[in-house]
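Engineer: Assemble the whole structure, with the sequences as input and the hints as a guide.
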Amino acid sequence: MTGERPIGEDDLQAFVDGRLGSSRHEAVRAYLDDHPALADQVKLEIDLREALRARLAFKAAEPVPSRLRIANLMAAQRRPSWGRNAAVAAAVAGLFIGTVLGAAGGVWWVGSDHRAGTSVAGNAIAAHRIYVGERLHPVEVPAEQEAHLVQWLSRRVGKPLTAPNLTVQGYRLIGGRLLPDSGEAAALFMYENAGGNRLTLYARSGGTEEQTSFRFESRDDVSAFSWIDNGLSYVVTAKAERAQLLPIAETIYRQLEATSDPAKSRL
0 MTGERPIGED DLQAFVDGRL GSSRHEAVRA YLDDHPALAD QVKLEIDLRE
50 ALRARLAFKA AEPVPSRLRI ANLMAAQRRP SWGRNAAVAA AVAGLFIGTV
100 LGAAGGVWWV GSDHRAGTSV AGNAIAAHRI YVGERLHPVE VPAEQEAHLV
150 QWLSRRVGKP LTAPNLTVQG YRLIGGRLLP DSGEAAALFM YENAGGNRLT
200 LYARSGGTEE QTSFRFESRD DVSAFSWIDN GLSYVVTAKA ERAQLLPIAE
250 TIYRQLEATS DPAKSRL
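So the sequence shown is numbered by numbering that gives the first Met the number 0: it starts at 0 and just counts up by one.
Because the hints were derived from the structure by calculation, they are not lab data. Don't be surprised by glycine CBs; every beta carbon is placed ideally from N, CA and C.
DEER-style ranges, computed between Cβ atoms: (1) Arg134 to Pro5: 31 to 41 Å; (2) Gly7 to Pro141: 39 to 49 Å; (3) Asp32 to Ala184: 43 to 53 Å; (4) Glu49 to Ala184: 31 to 41 Å; (5) Arg134 to Arg218: 20 to 30 Å.
Structural biologist: Right under this line is the structure:
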């Protein structure tokens with residue numbers, strides 16, 4: 000492997016997505032063999048990707064909309080320029096969404112919901128930065144009043160909420176608070192580990208989408224995974240590497256799924 004560039008984040012993500020050439024694929028596999036902890040995280044991400052692909056397979060199986068068929072695209076080219084430009088722009092946007100859905104195994108951000116998801120994640124990261132540094136008043140309601148906290152925030156957000164149990168991941172709930180988000184109410188649950196590092200789960204009523212896959216972003220030293228499920232936008236944020244935050248986000252996702260469908264908690 001002399002002369003090859005080091006294995007990086009892009010290689011690991013391409014490995015998860017199945018986009019590596021054979022030689023690079025083998026190089027990444029050998030690297031993961033030497034780093035079992037990272038290999039476990041990569042396997043979790045692959046499993047999650049496949050699970051989400053299966054759950055959103057119906058979307059990829061839908062027929063191509065008539066407006067995106069070749070004959071209709073060609074007809075659009077013969078229209079006046081003002082109408083043709085709008086039609087072509089819509090077609091390109093639709094084709095891009097379809098391509099992402101097929102390649103990423105269920106990444107489903109559509110139109111305004113994509114922008115809404117991005118806005119919620121940005122607001123969640125901003126709230127995380129503001130409140131995790133607070134030592135005297137990081138939360139409005141402490142964990143000792145968890146039942147009241149969850150009931151209060153659920154009522155204000157307008158949907159049933161849950162404070163996930165992250166004890167196995169080394170984090171304990173320290174409480175939560177109510178926040179504004181673009182005219183809507185948002186809930187912020189805060190957790191802390193034995194080392195004093197804090198993690199937040201942000202939730203607010205989402206857009207029209209019922210479910211999307213995870214979307215990752217990193218701003219400076221803060222990482223976040225966001226998704227929509229059952230009409231709620233969620234963002235889990237921490238000062239952590241992507242591979243460290245993913246299993247926590249997955250745990251939260253599974254707990255929330257089990258709560259929304261009690262039958263799943265017995266699986």
